[in-house]
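Visitor: Read top to bottom, the protein sequences are chains B and X. Just so we're aligned, residue 5 is where the first sequence starts under our numbering, counting upward by one. Just so we're aligned, residue 8 is where the second sequence starts under our numbering, counting upward by one.
These are calculated hints, taken from the structure and not from any lab test. C-beta atoms are modelled at their ideal positions from N, C-alpha and C, and glycine is treated no differently. The reader is advised that the hints may include incorrect statements.
Here are the simulated distance ranges between beta carbons [as the list claims (entries may be wrong)]:
| # | chain 1 | residue 1 | chain 2 | residue 2 | range |
| --- | --- | --- | --- | --- | --- |
| 1 | X | Asn189 | B | Arg109 | 25 to 31 Å |
| 2 | B | Pro159 | X | Asp207 | 38 to 44 Å |
| 3 | B | Thr34 | X | Arg140 | 40 to 46 Å |
| 4 | X | Leu125 | B | Ile37 | 20 to 26 Å |
| 5 | X | His184 | B | Arg109 | 22 to 28 Å |
| 6 | X | Gly154 | B | Ser90 | 37 to 43 Å |
One letter stands for each residue in the lines below.
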Amino acid sequence: MTRNHDDDHHEHEHANHYSDMEARMRALETLLIHKGLIDPAAIEAIVDTYETKVGPRNGAAVVARSWCDPAFAKWLVRDATSAIASLGFGERHGTRMRAVFNTARVHNMIVCTLCSCYPWAVLGLPPVWYKSPAYRSRAVIDPRSVLAEFGVVLPEEKLVRVWDSTAELRYLVIPERPIGSEDMTERELAAVVSRDAMIGTALVMLQDRVR
Amino acid sequence: MNGPHDLGGLMGFGAIPFEPNEPVFHWEWEKRALGVSLCIAGLGVWNIDENRHSYERIAPATYLRASYYEIWIRGLDKLLVEHGLVVHDEIFLSKPIGDVQAAADDILRESDVAEMLLHGPAEQPSLTPPAYRIGDLVRTRNINPTGHTRLPRYARSRRGIIDQVQGSYVFPDDNAHGRGANPQWVYTVVFSGRELWGEDADARLSVSIDACESYLERDIVTEAGDPHYATDRDSLP
Chain B
5 MTRNHDDDHH EHEHANHYSD MEARMRALET LLIHKGLIDP AAIEAIVDTY ETKVGPRNGA
65 AVVARSWCDP AFAKWLVRDA TSAIASLGFG ERHGTRMRAV FNTARVHNMI VCTLCSCYPW
125 AVLGLPPVWY KSPAYRSRAV IDPRSVLAEF GVVLPEEKLV RVWDSTAELR YLVIPERPIG
185 SEDMTERELA AVVSRDAMIG TALVMLQDRV R
Chain X
8 MNGPHDLGGL MGFGAIPFEP NEPVFHWEWE KRALGVSLCI AGLGVWNIDE NRHSYERIAP
68 ATYLRASYYE IWIRGLDKLL VEHGLVVHDE IFLSKPIGDV QAAADDILRE SDVAEMLLHG
128 PAEQPSLTPP AYRIGDLVRT RNINPTGHTR LPRYARSRRG IIDQVQGSYV FPDDNAHGRG
188 ANPQWVYTVV FSGRELWGED ADARLSVSID ACESYLERDI VTEAGDPHYA TDRDSLP
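Hey, can you work out the whole structure from these sequences and the hints?
Guide: Shown next as structure tokens:
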């Protein structure tokens, strides 16, 4: 869904505000290249990383492993940073990961009310809704209404535990393993774990496909 | 600062803008915004806390209207000018004014990208042992600094429980303003929904933040079984 606006002549009339972000961004990039401050090849490498290499598949592999390997699940509880790194996914050096487990009693949900902190290494870049004022404002005061908008209605007695990522610590929700998945392989299980289930705004259902 | 970014508990923003099968990027310029922001950050002229604060200083009406990558670019423009990497007029002319500098030799190259993406705000040893232990009852301070802070308004002057000691990190409130890293212990502090939002709040809700030690003080009016404390710690298998 990439749209390009190639009307360079529009640049001038938009010179002093930000109504045309394509033009604004192209102008800034051009300037910084002229000034020798950025290398366009590095930008391509960054974009390629998050478009093709790093995304929710990483987190889904962590979840599936924790469902299939109790020792790995215990490691995740004790030291999620190292356990996740053992699968080849590293959050940034010096940033700790914490895995929080949904149970029959507790449902976990992640937010960053102050900006958009998000576990890039295991989930990729955050979706627009995660960064939206609507989600950031409401997740901490009325998470059940947020969940309802995602189609998740929890039993009244279930505790909702919201984790606001206000420091250099990133959270991954380990959803409950779906009923009826006993015969599935780790690979098959990973395929049904959606990004939203690892943020805590979805449950894992066997009919689900990854968003 | 009590800026437009501090959104927890505000109302009136409407439905969550969920988009099925959302692409990683919606527009070409978003890719460039991400790449340019990370490349410039890789120069190390400012730190992540100063970077976050540049977004918080955007005028509230503008911040709340802007898309997330627009916020990034508005913040970047401020920092570029404030640190003398560009002058204001250059941003809108897209051409350098005066002499063009030779490429800095420390700019981010393609071969450095993988390492840069792994380079984060490091844990740094604190000079003192942690003041609090798991299970301690604390109260967050009522602070309203005009500069950067990572203590959200909704969680100020609230009683909670230390859930975890999460290591020691640079203190954002100082680091964002060139006052040094001054590393501090960081704790996950859990609050009950009722302590945060009052008696009418969901009794089955708890919310945690990750708080620097100086955001906290020991709660001296402790009563065992006080319903205001989040007591459920059963989120582990």
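Visitor: Would you mind marking each hint as holding or not holding in the structure?
Guide: Taking the hints in turn, this is what the structure says about them:
no., hint, in the structure
1, Asn189(X) <-> Arg109(B): 25 to 31 Å, "39 Å, violated"
2, Pro159(B) <-> Asp207(X): 38 to 44 Å, "21 Å, violated"
3, Thr34(B) <-> Arg140(X): 40 to 46 Å, "54 Å, violated"
4, Leu125(X) <-> Ile37(B): 20 to 26 Å, "25 Å, holds"
5, His184(X) <-> Arg109(B): 22 to 28 Å, "43 Å, violated"
6, Gly154(X) <-> Ser90(B): 37 to 43 Å, "39 Å, holds"
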